[in-house]
Amino acid sequence: MTSTSSDAPFHDRMLSLGLARVAEQAALASASLIGRGDEKAADQAAVNAMREQLNLLDIAGVVVIGEGERDEAPMLFIGEEVGTGNGPGVDIALDPLEGTTLTAKDMPNALTVIAMGPRGSMLHAPDTYMDKLAIGPGYPEGVVSLDMSPRERVEALAKAKGCAPSDITVCILERPRHEAMIAEVRETGASIRLITDGDVAGVMHCAESEVTGIDMYMGQGGAPEGVLAAAALKCMGGQIFGRLLFRNDDEKGRAAKAGITDLDRVYTRDEMVTQDVIFAATGVTGGSLLPRIKREPGWLETTTLLMRSKTGSVRRMSYRTPVEAQG
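Sequential numbering from 1 applies to the sequence shown in my numbering.
Please note that a few of the clues may not be correct.
[As the list claims (entries may be wrong)] Within a straight-line C-alpha distance of at most 16 Å, the following computed EDC-like cross-link-like pairs (lysine to aspartate or glutamate) qualify:
| hint | residue 1 | residue 2 |
| --- | --- | --- |
| 1 | Lys252 | Glu271 |
| 2 | Lys105 | Asp38 |
| 3 | Lys294 | Asp106 |
| 4 | Lys40 | Asp131 |
| 5 | Lys105 | Asp197 |
| 6 | Lys252 | Glu69 |
| 7 | Lys252 | Asp262 |
| 8 | Lys161 | Glu210 |
| 9 | Lys257 | Asp127 |
| 10 | Lys40 | Glu72 |
| 11 | Lys310 | Asp262 |
| 12 | Lys310 | Asp264 |
| 13 | Lys257 | Glu69 |
[Stated by the list, open to error] Listed next, with one range per pair, are the computed distances between beta-carbon atoms:
| hint | residue 1 | residue 2 | range |
| --- | --- | --- | --- |
| 14 | Ser149 | Asp249 | 50 to 58 Å |
| 15 | Cys163 | Lys40 | 42 to 50 Å |
| 16 | Arg36 | Val143 | 30 to 38 Å |
| 17 | Ser318 | Arg13 | 18 to 26 Å |
| 18 | Asp249 | Met317 | 42 to 50 Å |
| 19 | Lys294 | Arg186 | 34 to 42 Å |
| 20 | Asp147 | Gly213 | 40 to 48 Å |
| 21 | Lys294 | Asp249 | 44 to 52 Å |
| 22 | Pro322 | Arg36 | 17 to 25 Å |
| 23 | Lys40 | Pro297 | 22 to 30 Å |
| 24 | Met317 | Gly237 | 18 to 26 Å |
| 25 | Arg177 | Met148 | 13 to 21 Å |
| 26 | Ser145 | Asp38 | 39 to 47 Å |
| 27 | Val143 | Thr261 | 23 to 31 Å |
Just so you know, these hints were derived from the structure itself, not from any lab. Virtual Cβ for every residue (Gly too), placed ideally from N, Cα, C.
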């Protein structure tokens, strides 16, 4: 007899390879649109492929972080049910193409990203901004906080790392709203790696600082991406703090609809993602974390990062698939 919904246990090990396939197929679907200048087409291709693959999994899934509200996104909208309906009830957070602009312009660090956990394990973040701060593993709790100024964060992290502020590198999204923050960080002597898009990847860079050279991420970006980043750090290790930001009453209404009453609350990683999760990301345009989709005559090759927070396991998987020659 098949268990349905919440009756079935969440077997993260059994589901993880299926999740990797979901990320892979979304990446492969966007491959032919890298560098073509059409963000919408690239995103739509990834969305279609991700949804199709999710619906093959034996899960009773609900999209809690998706492409937007039901009235704004025809597919993979918040609240959409995915999967066969047979199997465990799960929360799904996804970004079928994290970095649509990066893909359209063939710039680094575009990824397909998806996380899955037991039902009720992820914060239902409204589609608003979030003030974020993240560092990698190995530091004591509370070494940095959102209540600190940018200068204080850099100095505190340098002290904890046993180095000078000039040895710290901070990743920040390049936006006019961050100009004062960027100036203050630079005054400490720290260096900044500015990114144009893709702040899930930006946060993940902190967890592998020995590879990426990034120690800390700070700045305002999308709240849904904050939850995805928290899921990644749940697996990789590290700390992330997030506080929702609201520009108007409509956005506050979205928070209320998501069941959020304390609008000033600072969420930690384990408050955004309360139970063990699995996380998969496939490189699209390549970068510090994952290589780009590799093309050769008749073949496409992807690399996927697959992680389980329960065991702390991290897999990097190559997938090579034949493709029909395109005229």
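Item to check | Unsatisfied constraints (hint numbers, rising) | outcome: 1, 4, 11, 12, 14, 16 and 20
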